[in-house]
Amino acid sequence: MSARFFHLSETSAGVQFGNGISPSLHHLVIQAYQFFRNNPFPGFREAVPAYASLTIYYDPMRMPRYLRHDTGLILELLNDLLTKALSEDEPLQEEDFPLVRIPVCYHPLVADDLEWTAFHTGLDPEEIVALHTGTEYTVYMLGFVPGFPYLGILPEQLDVPRKSRPVEAVPAGSVALAGRQTGIYPFTTPGGWQVIGRTPVKLFEPGRDPICLLKPGNRVRFDPITLHEFLNPPRI
Amino acid sequence: MSIRVVKSGMQVTVQDLGRYGHQDLGVPVSGAMDDWSARLANLLVGNAPDEALLEVTLHGVALLFEEEHLISVTGGGASIRVNDEEVPMGRSILVKPWSAMRFHASRNGFRSYLAVAGGIHVPTVMGSRSTYIPARIGGFHGRALEEGDVLSVNAGRTDLSHAMACRSMGPGKEYRGTRWSVSPAHGPDLSCRAVRFLPGPEWAWLTESQQKRFCTQPFVVTSRSDRMGYRLRGQPLLPEQPREMVSSAVTRGSVQLTHEGQPVLLMADAQTTGGYPRIAQVAAVDLPVCAQYRPGDRILFKPVSFAEARNAFMDREQELELLGKNLALLFNT
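For the record, the sequence lines run as chains A and B.
No gaps in the numbering here: position 43 of the first sequence is 43 in our numbering, and each next residue is one more.
No gaps in the numbering here: position 262 of the second sequence is 262 in our numbering, and each next residue is one more.
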């Protein structure tokens, strides 16, 4: 394992494990993420996982005095903690990252780019749905907007490029593809991914507990539903 | 204890110092754009520095105080009148019941902060009272204030707020102000056009001549700028070979380079992750200055070492801490 530390800002440091989307890199990220959350050092604010990096936010004013000005020492401290985090080598607890099943309607009425995706991949819409629902995904990270999950790894046959020009308003709940990733738009926002379906489930809902449906490391599976089921979702 | 919004102007939101602890779910930090002025405003009325207050963008706002309130206004972008009498910025002010406060145009700055002793009463969402409009969370019903809104003020004031309201209030026709104030030198320099930056993780993606150009050519703040970030415009900086990177963390102050080679400076509502190269990171001490830029203003980026930026940051934090302590001493609380 070769991790590179760097200062992102005066109050944050990044750890780069590599570059790319891979389960082994992500395993390191999640292991470190869990460790820092469970063993916060004085001044620790939060840890934010990404595909191949983890960013640690801290408040220097709440750190021991000797660490406040010696900025090299902070990176050393983080490096020591990371070494500890990864040496413990405890397998990640499955119950910490439960499987979440998300119903998706793949009807063309709510899947603007399904036809394009079929054309681009040479697959039938039914094959696309079978591939998309036949895979178990991991939440690699959340970002872009609150609750937007970056899910991987998408089957190679579904690898499609982003749109060259983002769409002004992608409807909330849209399930979309880009490269070897799939994701879900929690809000109606601009977006450039290829939309192949829509879920009635709210990914981010203030007032609900939890507000955010998915967390980094969660496993996800999509279940196909009909347009009728989409329009009349059962009350949970 | 309430404040009525008579005119909502360009944008008024409730903010505190931000929502930490949920960036792993993609929830931005938010909080006051100019956190320096926000903290000064709170200290001036005896509040904790992270109390909820109003962030007012530019002018055109009118408020009605239904009771007597101890308030202060800091930052830029407006001049303040209470019942048509001009009120100084950076000073504790006791306004009488049924006073009207108006935010008029001023030459410098973009955002002012109105603190009220006790703080604005709004629910805490995910650990903060800051408004984040895109997800409709925090602040006043997750949105900017509108005409007719009535804000409540927390009834519980600190001992310091009480002491400030009772003592050393000078005479005034429409309001009573303290004889002392915080010098503007203790807040952001509204005429400053140079901001310091640290090289970002992808700084090396620029050629040497592009790096030089980034430090010498001024960038214009375009009108496509908001609390999330400023789109800047200059001569494009296009990497010689387009490179792909996987999404990774960005934060307030990160300068990303778009595919068109134009920088985007991320601000308070910055998204938590991004896939564009992070060429620079604006020094935290200079972000309050950036928060006061208007569309059309020019920014000049000046390189600084990490140690220098960090020391300047710590000095600022200690100065604010000291100011709070001195105020408490001054009022014997």
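Note that these hints are calculated values from the structure, not bench results.
Please read all numbers here as calculations on a predicted model, not as lab measurements.
Ideal Cβ placement from N, Cα and C applies to all residues, glycine included.
Worth double-checking, as some hints may not be accurate.
[Stated by the list, open to error] Stretches of chain B that chain A covers, calculated by requiring three or more beta carbons in the stretch to come under 8 angstroms of a beta carbon on chain A:
id, region
1, 89 to 101
2, 228 to 236
3, 246 to 254
4, 259 to 266
5, 280 to 286
[As the list claims (entries may be wrong)] A partial selection of chain B residues facing chain A, derived with a Cβ cut-off under 8 angstroms:
id, residue
6, Gln11
7, Thr272
8, Tyr276
9, Pro303
TODO: Examine the region 89 to 101 of chain B for residues whose CB is less than 8 angstroms from any CB of chain A, and state whether their number is three or more.
DONE: With 0 residues in contact (Cβ-Cβ under 8 angstroms with chain A), the coverage given for the region 89 to 101 of chain B is violated.
Task: Given hint proline 303(B) near chain A, where the shortest CB pair must fall under 8 angstroms - done: 14 angstroms, violated
Open item on the list: Tell me whether the statement that chain A covers the region 280 to 286 of chain B is true, taking a Cβ distance below 8 angstroms and needing three residues at minimum.
Closed with: Coverage by chain A holds here, the residue count being 3 at a Cβ distance below 8 angstroms.
Open item on the list: Hint tyrosine 276(B) vs chain A: min CB-CB distance below 8 angstroms?
Closed with: Constraint on tyrosine 276(B) not satisfied, violated at 12 angstroms.
Task: chain A contact restraint for glutamine 11(B) - C-beta distance below 8 angstroms - done: 19 angstroms, violated
Task: Coverage assertion for the region 259 to 266 of chain B with respect to chain A, Cβ distance below 8 angstroms, three residues required - done: violated (count 0)
Task: 8 angstroms C-beta test of the region 228 to 236 of chain B against chain A, three or more residues - done: It is violated: at least three residues are needed, and the region 228 to 236 of chain B offers just 0 whose Cβ sits closer than 8 angstroms to chain A.
Task: Given hint threonine 272(B) near chain A, where the shortest CB pair must fall under 8 angstroms - done: Threonine 272(B) check passes; min Cβ-Cβ to chain A is 5 angstroms, inside 8 angstroms.
TODO: Count the residues of the region 246 to 254 of chain B whose CB lies closer than 8 angstroms to any CB of chain A, then report whether that count reaches three.
DONE: holds (count 8)
This entry does not satisfy hints 1, 2, 4, 6, 8, 9, going by the numbered hints stated previously.
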